[in-house]
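**Q** Note that the protein sequences, when read in sequence, are chains L and X.
Heads up, the first sequence is in our numbering, so the first residue is 4 and it goes up one at a time.
Heads up, the second sequence is in our numbering, so the first residue is 4 and it goes up one at a time.
These are computed hints drawn from the structure, not numbers from a lab.
Treat the hints with care, since some could be wrong.
One copy or two, either will do: identical chains are not told apart, so a pair holds if it fits within one copy or between any two.
As the list claims (entries may be wrong) - The calculated lysine to any residue pairs, modelled on SDA-like cross-linking and capped at a C-alpha distance of 25 Å, are:
#1 K47 - T124
#2 K153 - I23
#3 K47 - A32
#4 K118 - I35
#5 K90 - G115
#6 K139 - P38
#7 K139 - P83
#8 K153 - P38
#9 K90 - P138
#10 K47 - A108
#11 K153 - A93
Small disclaimer: the values here were computed from a predicted structure and weren't measured.
Below, each chain spelled out in residue letters.
Protein chains: 2
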Amino acid sequence: MKLGRLNHIGVATPSIADSIRYYREVMGATEITEPFDLPEQGVKVCFVSTPGETGVNEALHSALNGTQIELIEPLNSESPIAGFLAKNPAGGQHHLCYEVPDIAAARAWFEGLGKRILGSTRIGAHGTPIFFLHPKDMMGQLTEIMETPKAGH
Amino acid sequence: MKLGRLNHIGVATPSIADSIRYYREVMGATEITEPFDLPEQGVKVCFVSTPGETGVNEALHSALNGTQIELIEPLNSESPIAGFLAKNPAGGQHHLCYEVPDIAAARAWFEGLGKRILGSTRIGAHGTPIFFLHPKDMMGQLTEIMETPKAGH
């Protein structure tokens, strides 16, 4: 496998509305998507765009955008994020997501290495297949693997 | 202030050698800098490059590289990373680093917002001035602000 693009950093938050205000008013973000629910994953999410290497950030899905911040709020107390927030009430960094060209090949790669995969391959927040790997097998990092969207992000 | 490029994600590790092997052999990284000591910060660090939006990763400091992973190992038990590893023995995500064009203006911005800055502005791993902000004032994220290097990274 070849290391893919760092698509996003997942950041858990007790309030996506507060986080959006923080990213706008404190950090100066200008491109933030509308939050939407992913009920099968028990979370509400939105994405904060950061500029790419050239500093250009003209449009959300331009060719030069950088890694996004995915804000994640639990939909209910059974949400997988609820436990994280119980330990980290202010929120914080939750996972790293790397792109791959072929999700099935990536899954076979990690399985071949004996890495624990958390559940089945499913459709993620960007509309492409994703899976998660156990942080204990990934140097402490909860790692999401995501198939690169075919036309932009 | 305008949100700057996400320069790197800081990842703490009990062993930079093990982390380098992991990024090469499991994640398929090809561009990893030689580790070096930052004794005044009590850490040894190196950087793993990830490809930018186009998937191009021709050289470490090309114009199209993505966000880097900074691997951080404590130099001794007094290291600021030692406490993090005591709580997270396998390592894990430690901080987020955003670029700004002017470190003094950024410091004044955050001070004006009443955000707690951790220590003085100092020279960071990329050779430009940096400072850290308290995670409790930053939605749970230990945040590094770094002046963009004048010619590439």
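**Q** Indicate, hint by hint, whether the structure satisfies it.
**A** Hints, one by one, checked against the model:
Taking the closest pair of Cα atoms, K47 and T124 come within 25 Å of each other only inside a single copy of the chain (19 Å); across copies the shortest separation is 37 Å, beyond that limit. For the homomeric pair K153 and I23, neither the shortest alpha-carbon distance inside one copy (28 Å) nor that between copies (30 Å) is at most 25 Å. Taking the closest pair of Cα atoms, K47 and A32 come within 25 Å of each other only inside a single copy of the chain (19 Å); across copies the shortest separation is 31 Å, beyond that limit. Taking CA atoms no more than 25 Å apart as the test, K118 paired with I35 passes between copies only; the shortest distance there is 23 Å, against 34 Å inside one copy.
Taking the shortest Cα distances, K90 and G115 never come within 25 Å of each other, neither inside one copy (33 Å) nor across copies (30 Å). In this homomeric assembly, K139 and P38 come within 25 Å of each other (Cα to Cα) only across copies, at 24 Å, whereas the closest approach inside a single copy is 30 Å. In the homo-oligomer, the alpha carbons of K139 and P83 lie at most 25 Å apart both inside one protomer (17 Å) and across protomers (23 Å), since each shortest distance falls under that limit. Taking the shortest Cα distances, K153 and P38 sit within 25 Å of each other inside one copy (22 Å), while across copies they are farther apart (36 Å).
Within a single copy, K90 and P138 get their C-alpha atoms as close as 16 Å, and across copies as close as 14 Å, so both meet the 25 Å cut-off. With identical chains, the CA atoms of K47 and A108 are never at most 25 Å apart, being 29 Å at best within one copy and 34 Å at best between copies. Neither within a single protomer nor between protomers do K153 and A93 lie at most 25 Å apart by alpha-carbon distance, with minima of 35 Å and 35 Å respectively.
Checked against the numbered hints above, the structure violates hints 2, 5, 10, 11; every other hint is satisfied.
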